[in-house]
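*Asks:* Chains as they are written, first to last, in numbering that gives the first Met the number 0: chain C, 0 to 99; chain W, 0 to 992; chain E, 0 to 194.
Some clues are possibly wrong.
Unchecked claim - Label-pair restraints from in silico Cβ distances:
| no. | chain 1 | residue 1 | chain 2 | residue 2 | range |
| --- | --- | --- | --- | --- | --- |
| 1 | W | R581 | E | D20 | 23 to 33 Å |
| 2 | W | D486 | E | R15 | 45 to 55 Å |
| 3 | C | G79 | W | G195 | 49 to 59 Å |
| 4 | E | M12 | W | P835 | 32 to 42 Å |
Hint data in this document are derived by calculation from the structure and do not stem from the laboratory.
The beta carbon of each residue, even a glycine, is placed where N, CA and C say it ideally should be.
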Amino acid sequence: MLIPCPYCGPRDVSEFTYQGDANRTRPDPLSTDREVWDGYVYDRLNTAGDHREYWQHSGGCRSHLLVVRSTLTHAIVSAGFARDAATKPKKTRRKAGARP
Amino acid sequence: MSGSRAATGGRIDRTSSIAFSFDGKTFHGYAGDTLASALLANGVSTLGRSFKYHRPRGLLAAGIDEPNALVTVLRGDVREPNVPATQIEIFDGLTVESQNRFPSLDLDVGAMNQIAGKLLSAGFYYKTFMGPVAGPLKGTRFWMFCERFIRRAAGLGRAGKTADTARYEKMNAFCDVLVVGGGPAGLMAAKAAAAGGGRVILADLDPEFGGALKWSSETIDGEPSRTFVDHTVSALEDAANVRLLPRTTVWGYYDGNTLAALERVGDHKRDAPKGEPRHRHWVIRAGRVVLATGAFERPIVFPGNDRPGIMLADAAARYAVEYGALPGRKIVVFANNDGAYVSAVALRQAGADIVAIIDVRRSVSDHARKLATRAGGELLLGHAVVDTPGGSRFAGAKVQPFDAAAGTLFGTARTIPGDCLAVSGGWSPAIHLASQAGAQARWDDRLQTFLPPDPGQSWSGAGAFLGRFSTAEAIADGIEAGGGSSDLPAVDDEAPDLAPAPVFEIRPAGGKGSKAFVDFQHDVTAEDVRLAHREGFVSVEHLKRYTTLGMATDQGRTSNVPGLAIMAGARGMAIPDVGTTRFRPPFSPVSIGALAAERFGDLKPHRLTPMHDWHVEEGATMVAAGLWHRPMIYGHPGETIEQAYVREAEAVRGSVGIVDVSTLGKIMVQGPDAAAFLDRVYTGMFSTLPVGKARYGLMLREDGFAFDDGTTWRLSETDFLMTTTTANAGKVMQHLEYLLDIAWPDLKVVLTSVTDQWAGAAIAGPDARKVLEACVTGTGVDDAALPFMGIVHGEIDGVPVMICRLSFSGELAYEVYCGAGHGQQVWDALLEAGKPFAMVPYGLEALGTLRIEKGHVTGSEIDGRTTARDLHLGWMLSRKKPFVGSAMMDREGLVADDRLQLVGLVALDNRPLKGGAHLVDHADRALRDSIGHVTSVCFSPAVGKYIALALVKGGKARHGTRAFISDPIRRRYGAVEIVSHHFFDPDGSRMHG
Amino acid sequence: MAEQVSPLGPAWMPGRHGRADGEAGVVLTETRPGSIVQAAAFPGSEKAIIAAIKKAAGLSLPDGAGGGIATDTKAAFGIAPGRFLVVDQSEGLADRLRAAIKPAEGAVTDLSHGRTAIRVSGPHAEWVLAKLFAIDLDPTAFPLGAGRATQHHDIQAHLHRTAPACFDLYVFRSLARSFWTMLCHAAEEVGYDVR
Ligand SMILES: [Zn+2]
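Chain C on its own, in the form it takes in the complex:
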């Protein structure tokens, strides 16, 4: 599998570290809502199809990438810096147990 790092170009998957599901947003640090935190820490969608996930280019520029990858075919739909996505305003926040 090749992941197209926006800085380094396409690189072998062995240069990357999977950093988890990107369908979640870290709750407000001051929040004490246990359900929200449970959802953030433990709940995952396990999507069959296009999946948003973080990959760190740990063996290259060390940037975290937001990758959309098909879990059915391994095809990489898109890859960009996670920072760019993270600095955009966030809208969705999923409750524990909720399914899209």
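Given the coordinates of chain C, work out where chains W and E with the ligand should sit on it, guided by the hints.
*Replies:* Same frame as chain C, but now just chains W and E with the ligand:
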């Protein structure tokens, strides 16, 4: 007589005679021969014994599809088993053994498996050996009894016991176009792609490019096909943008157009030049892939179809034309398609007689009739071979009239004598790589075979791979696939139509006659397939596993389609409805050495501290800690490990010691928001830390469990030096980078690993300050200038150093850091300054002992399941701010009183304790519920006893009580007293003193 | 100032090794620069950092990911978004960069001891490096002056193409000896000269 050398012809060099050894006997061949062609030319007909029944087997094919002639190549004591003889180029001194025979190939004791043949039908092992253990010799237990005998009798070659001394390498390659297969389609694709200017790689598994053109009688653009190949190849060799990879099998097609290939660089050489690998594992990332992998001829299944001397028709022609090795002098041909007629003509031209052509079809094309006339011999249409009477080699074919539409035999049989039977049952494109790439094969009724589907964006196909079998089609496809549009070279011969009659098996009524083999390599017969069906196996995948059809090293190249056809027949279905299996890598066997490549032997790189060579010279016993190599003890002659570390630890408590701490993870946290960032990742406050001071910090994971600890030093308003445990340095770095990239991208912070920038030495003991006073210049180190957790900058021996007063041992201690390149110089100066105080170097064992005595935790206690409170670090959890883990750390389960909590243990039997041992409440050695486990152990010179740290349920409330070690595997039992984890100097007066 | 001790130790064996006939396929050298410094920009300050590198080291970095430049004694190239490795044969570069970069714009990290610089040059430099790194080394994909961040298994490396057949590699000091040993092994096939 069997095979022999033709008087003339072949691409062999008859002036260059080569001597090689097969089963201890010396044979001669010519340069250009494979082991298979050379043995054939020498009249050797039996090259191996079959897998289950030990039947004599000869050559079926001439290429990588050969299922029978697997041999073991010897290089000294190094054995490489299961190599097809068709893939071995002979060289002077080549030494080869046949396989699966005892005591010899001709006289094989195991052949009595044939007599007991019924025993070994499909599913024999499952039926006989699986199931409950009911008696002394039933089911699984029976298998355990029989296994060693069966394993010896059934199977392929024997692996050697001598380590492989050959060299293997990996190579990364990138190209715009990868062309797989160097036949006419592949050659033209490579040529066209090269003309387009892109970077092209052309790989072929044979030593020479050309594919079937190497043994074709066609002419292209007026020149013999072989000359056409030579001209094309030399043009490609001259092109700067083309890399030619002969002897290279592309065996894996992975995501992202990444392909794996094995180049056999040195297998055909007696001696490799220095540094040249035997095999090269290519990982090729291609923009586009052209699959020009050709097709495999398949046999027809009929009784007695495995007798040596029975060969695929195209293989027979290839031996005769490419190698000048005639598989027989009187050849019988058996076919269901026109291709075999071309083979017959080629064999005739090479000097053999064609006795008869037997065709299952009642009528054939005019073209076939013309070819039959040129080949000579009798043309028997509407007939089939029903058996091959004889012994260990083919002597004649029993033929009988055959109704191809009904699949039935009728009339009377007669025997046609001959010394070779050339069989063609149609052609199967080599779609393996396309299948690996995810393509579902589709059935073609006309060609009676599976074809690749329409290509995706990543690859395109050409030639026989697409079921377009003629040279003209291959050339046209190749040029198109390569992106070219040049004029097509003209092929003058009329191509045969390879569409076969849909006949896969000749089955005499009542199932009488010899065994009819489908999978030669795994000895699977047509009856085995039908038996599997009768026993309820309907899925192709189940059939495959139950019968092992197609699961041998040849991956069923010759057997898949006939096997499916027989299954379809049994189920009364059409072949495409039965389905086909998905091919998986590797396409053909790959040496493990090539995959390991440079990681052969010592798998991990060694991480060495700047003082590594000194440690080794000083006689330290080094121990691996992750990638790092660290001194465990500096043993004196005659000392045990325990004596050594106790001596070292006592020296630290008594006077002073020095230890290499360069391996501690070090991360520079820099920027205007560095302090705010640290407040968020540590449980404690760092924004309040003054410049020039250090603070102990604890990190939690998001789920509230403890993650890592270490000190962080504030070097300036915006610069912090964070230290982590040696083991967690990489994980902590990734954790911080994740938070910075994803959770807080707005923070102005830069993280950089500086572990290797600094050499570190810890000086610990009552005399530590005196050692520093003797060598540090440019700064004071007294209590005022350098208080506990203070940082100063100075020089030692002219080298700038940074000194922080902190303690892991509980003694007065300092960590001295300097540039790694100066580490040894500063270390030497510290040793010199320590001489008057009898300073000793100490290793990891003493370091561990000192910290266990103090009750400090490391990775054994911060094991991912413990909380800060479990480890008595609750005081570090700030209530003034949120931090990573703060929202989750107070969950009920994490604050319960009966959690595993850190305690100290003292052995009451004065014997060493062992890490990992469980603790129970009773002394009776019965199986009891664990109340906890031992995490770290040592002999404590300070306590004078064997002590340990342990995690014990509700441990805080158990201080002063007894527990019992229960370690049945290592047979360690005995009583311990549970005590506070602070064994030594609990109020910390020594390090503050 | 004291001289740095090489981490290569006994693994550094000058002279010709491996395949003995013909010209050495590659020449392997530890270049031992006095300064290896990371200059990192906070988001939005990349231009300011590039200007500071120009000011402190006299090197004009081209735009674009992995862009770089090399002279006989100095080099600079991008290793990550907003991050540059700046190298000088003489010491003191970190201080000069610190003076040129405002704390609000970026951070300077001295790696002069933390990274080991190894030069692989010669006609087979690409061939030898292709055994170790899964990156495209062809000049069309890795042009003169450009830098790349990659890894060989556990060993992270920064590569800088400083001449058509010359690559300068920067690896972690603690792993340099293991890496050097692997590099020498990979170079045996083409013959190599250690200088
Ligand atoms: Zn990258």
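*Asks:* Under the constraints set out in the numbered hints, which ones does this structure not fulfil?
*Replies:* Going through the list in order, the structure violates hints 1, 3 and respects the others.
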